[in-house]
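Produce the entire structure from the sequences given, and follow the hints as far as they go.
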Amino acid sequence: MADAPMQHPDADKLVGMEHEKQYDFQLPEEYFYKSEKGLTPEVIEKISAFKGEPQWMLDFRLKSLEIAMKKGAPTWGPDLSGLDFDDIYFYVRPNEEQGTTNSWDDIPEEVRATYQRLGIPEAEQKVLAGVGAQYESEMVYHSLKEEWEKQGVIFLDTDTGLQEHEELFKEYFATVVPPNDNYYAAVNSAVWSGGSFVYVPKGVEVDVPLQAYFLLNAQNIGQFERTLIIVEEGAKAHYIEGCTAPTYASDSFHSGVIEIIAKDNANVRYSTIQNWSHNVYNLVTQRALVHSGASMGWLDGNLGSKVTMKYPSCYLLGPGAHGEVLSIAFAGDGQHQDAGAKVIHAAPNTSSSVVSKSISKGEGTSSYRGLVQIHEGAENAKSNVECDALLLDDTSKTNTYPYIEIDEKSAHVGHEATVSKLNEEQIFYLMSRGLAEDEAMALIVRGFLEPVAKELPLEYAVELNRLIELEMEGSVG
Amino acid sequence: MSENRLEIRNLHARIAGGVDILKGVDLTVPAGEVHALMGQNGSGKSTLAKVMAGDPAYEITDGDILIDGESVLEMEPDERARAGLYLAFQYPVEVPGVSIANFLRLALNARRDEDDEIGVMEFYTKLQGAVKELDWDESIIERNLHEGFSGGEKKRSEILQLLVLEPKYAILDETDSGLDVDALKVVAHGVNAARGDAFGALVITHYQRLLNYIVPDRVHVMAEGRVITSGDKELAMELDDKGYDWIKNEVASGAAPA
Ligand SMILES: Nc1ncnc2c1ncn2[C@@H]1O[C@H](COP(=O)(O)OP(=O)(O)OP(=O)(O)O)[C@@H](O)[C@H]1O
Ligand SMILES: [Mg+2]
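Chains as they are written, first to last, in my numbering: chain A, 15 to 491; chain B, 1061 to 1318.
Source of the hints: derived by calculation from the structure; they are not laboratory data. Because the structure is a prediction, the values reported are computed rather than measured. Just so it is clear, CB atoms sit at the ideal spot from N, CA and C, and this is done for glycine as well. It is possible that some hints are incorrect.
List time: in silico SDA-like cross-link candidates among lysine to any residue, alpha-carbon distance up to 20 Å [stated by the list, open to error]:
#1 A:468 / B:1162
#2 A:468 / B:1206
#3 A:435 / B:1202
#4 A:435 / B:1199
#5 A:468 / B:1199
#6 A:84 / B:1202
#7 A:468 / B:1202
#8 A:468 / B:1165
#9 B:1214 / A:438
#10 B:1192 / A:435
#11 A:435 / B:1206
#12 A:468 / B:1115
#13 A:468 / B:1214
Stretches of chain B that chain A covers, calculated by requiring three or more beta carbons in the stretch to come under 8 Å of a beta carbon on chain A [unchecked claim]:
#14 1111 to 1118
#15 1131 to 1141
Here it is, written out as structure tokens:
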């Protein structure tokens, strides 16, 4: 067992390993601190104390917990009955050297095999699998970092962001997604840890994408990440979260909150491809406030997990604001991807576009759940929604739940949905050119995703393709 | 005798569970020759073509298909393609989001060892050469496979693929249908460019017109699921003139060889 490198008044109790060992709990040995199971004020106080947070953050967390308790979990959407909060550790502090929760041997063979096949360096594999604490980012990151600092760009993990830029942090934190927004946001607000904090000053254009990958460490791919991105007037940034490799987690509940503020004429993109291991419930709130003339784009890919609920949203608050959501979902056997978009037009001449592409296979289900709301006075607002579902076999399912609320006469709203099945003739055609059956299927799937995938940075698109090939390999009947 | 030929022996095939559509087809195309296959609508020409390529919608109840003396019945469509067979479809499908260039590179690499993938330059040189041969605009290779293509463009794409993939044996199923006269010449030019000692083709057509440009070594006539007669290129002209009832009568009366 690792030593606790940091003293805390309650350290003995917190570490608590000896105690649990006596009762033969099956705990991996690398833990340095693990909260008690369940969500209680005591757990929250300990988290906050451990992080050495200011009082206001602790108060915020406790109040959020109260809100969560009052609200209770929503009853709509996918089946979440497998989630038992009393059986979940809400905070696991990673061991500084060894990483988080897992020992390499605990990582399922299939996950390890996938890393191998994606050709991911071992150090990085270990972080993704929750075994290593820190992936030593390449030199390129360090020179980028200098460049960003010169421009006044802040790019830190959220805990460090709070420590080093408390005033700035406090001004914006939880203003986009307040704890009373929804149950999972409240839970995240109570127990958040990790994520990224980004600040781009007025007029600064960040050319190289800010990749969370650069900050990749055990904390960052934690259960309750909290990301806060502020892009000032006329500034520009592209933030990329995660990577396409499967992220192994032994814990089963993940609930992130992403808050973005795009000030006047700012241009912001947020791209993420999540590929959690198949035991994870992934319930994320992603929202952007988009001011006058600003443009916000979400690119959201969901490949793994057991259940995902994720509806990136754009609140178009100022005239001429533009919002875009491109999403990809792949629901494999036993998975439920409930994804979509939310666009609120609250000002004149705002525009939005939503493109959703889902693929379902085996006993998988993918649903598109979307809301387009046009407020009175949002004159000439334009919105276009296109959702396409592809079913790979007879057992997979897809649903569409488009909600459209229009209170403005001059609005233009378009909605188009298609469902198609993997076409035998296409497969035969491609095979007749020499492609094996699984290659043919993967190619059709890639083509189906292409309108969204082409918006990805090249290396992500390449990884996505390889991943889909892997997903398809077992598909040939 | 040389083994280099595409051979169909007493082939019977049907839609799974249905009645036979092909009722004993016999046909041989030696390497180095181009044969034409004609016949009325519904006589089984496309069925024959697809069965040869391995379409899983059909089931073979008797007979054999051989490439250079080797039966392909147990081969999947992709294995047959890699063995050198190519079918230009009567109705090529669309595959959205897949560019012609990407698709053809995959198809070429599928024919090569994993550690011997075709170089990017070599590939583009080859592809651009084929595009030029067909008098086509270069931008076509970035278009998605048949997505939004006109009927004629789809046919031209089938020939483009043929030129890039360089099969040993090609079956062209009504590649001329729906082409304007200029496109017809271009397509014929493409096929003639592929002609050579190591290449055999079976050209399915309704029109003698095509055969003015692709002059066949033999002409076969199909009716009700069988090849009822064969002859030289004059037969196509005569057919054009006199029609299918004439040839059926000729065969029945013994005036034409069965
Ligand atoms: N998949 C199928 N399902 C049902 N019937 C079929 C199928 N394929 C072929 N047939 C039938 O088999 C017969 C032969 O069809 P085929 O397409 O081979 O004719 P063809 O000679 O190519 O005609 P055309 O000159 O019109 O292209 C037709 O009666 C057709 O309806
Ligand atoms: Mg036909």
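Tested hints:
Taking the CA atoms of residue 468 of chain A and residue 1162 of chain B, the gap is near 14 Å; set against the 20 Å cutoff, the hint holds. With a CA separation close to 19 Å, the supplied pair residue 468 of chain A and residue 1206 of chain B stays within the 20 Å bound. A C-alpha spacing of about 25 Å is found between residue 435 of chain A and residue 1202 of chain B, which places the hinted pair above 20 Å, so the restraint is violated. Distance restraint check for residue 435 of chain A and residue 1199 of chain B: the Cα-Cα separation of roughly 30 Å exceeds the 20 Å cut-off, and the hinted pair is therefore not satisfied.
Of the pairs offered as hints, the one joining residue 468 of chain A and residue 1199 of chain B holds, with about 18 Å between alpha carbons and a cut-off of 20 Å not exceeded. Restraint check: the Cα-Cα separation between residue 84 of chain A and residue 1202 of chain B comes to about 56 Å, which exceeds 20 Å; the hinted pair is violated. Straight-line distance between C-alpha atoms of residue 468 of chain A and residue 1202 of chain B comes to about 13 Å, which keeps the hinted pair within the 20 Å bound. For a cut-off of 20 Å, the pair hint linking residue 468 of chain A to residue 1165 of chain B stands: about 18 Å separates their Cα positions.
A distance of roughly 19 Å separates the Cα atoms of residue 1214 of chain B and residue 438 of chain A; the hinted pair therefore holds under the 20 Å criterion. A hinted pair counts as satisfied when its Cα atoms are at most 20 Å apart, and residue 1192 of chain B with residue 435 of chain A does not qualify at roughly 36 Å. Among the hinted pairs, residue 435 of chain A with residue 1206 of chain B is consistent with the structure: their alpha-carbon atoms are about 19 Å apart, no more than 20 Å. With a CA separation close to 32 Å, the supplied pair residue 468 of chain A and residue 1115 of chain B exceeds the 20 Å bound.
Annotation: proposed proximity of residue 468 of chain A to residue 1214 of chain B is violated, straight-line Cα distance about 24 Å (limit 20 Å). Check result for the stretch 1111 to 1118 of chain B against chain A: holds, 5 residues qualifying (beta carbon to beta carbon below 8 Å, three or more required). With 5 residues carrying a beta carbon less than 8 Å from a beta carbon of chain A, the stretch 1131 to 1141 of chain B meets the three-residue requirement, and the given coverage holds.
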